[in-house]
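Undergrad: Let the hints inform the model, and build the full structure from the sequences given.
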Amino acid sequence: MICFVLTCTDEHRFEGWFKSSETFERQCEAGTLECPICGDRDVRKAIMAPAIARGGRSTKEPPGDGASKPPAPAGGDGDEAAPVASGAGLPVDPRLARFLQLARRVQAHVEKNFDDVGDRFATEARAIHCGEAERRGICGRATAEEARSLDEEGIEVMPLPRLPKLSG
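Residues 1 to 168 (this note's numbering) are what the sequence shown spells out, left to right.
Derived from the structure by calculation, the hints contain no laboratory data.
Honestly, I wouldn't trust all of these hints.
Computed Cβ-Cβ distance ranges for the label pairs, DEER-style [to be verified]:
| id | residue 1 | residue 2 | range |
| --- | --- | --- | --- |
| 1 | Ala133 | Lys112 | 18 to 26 Å |
| 2 | Pro161 | Ser21 | 35 to 43 Å |
| 3 | Thr123 | Arg95 | 31 to 39 Å |
| 4 | Ile47 | Gly137 | 37 to 45 Å |
| 5 | Phe99 | Glu134 | 27 to 35 Å |
Using N, Cα and C, we set each Cβ at its ideal position, and we do this for glycine too.
TA: Written out as structure tokens, the structure reads:
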């Protein structure tokens, strides 16, 4: 296994574990690598400091209790990368990175396919429900009280996290 520090066009840094350097190159050319933070598929190796062995110490095992061991690679035959997100060089739990990636995909889908009605969400949802407005997907802002009221009226709503825009 080999670990590369990778980066996307938004300069998010994360680790990827690969069976070999050739496996990385093959996945990179196929476009199967993806930033776990923003979903960008333009992924490349980041500049890394070389790992130089120092005299007097074995390079096979780091000192300590083994807590610094890398995460196990993803399942399968070992050809898949196991990214570990890092915004400022600090490791991030891969589950959090995956959640953020999925949440950004949902947000992008909603922004592309739904009408943003802003603070008029509750009013517009009621109008659609009653047939007084065109039936379509909408998004916007509602208070907790408005959302409860819509639910009590049989109008399905789903709160979504609003993630900040990524730089770039």
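Undergrad: Tell me, which hint numbers fail for this structure?
TA: none
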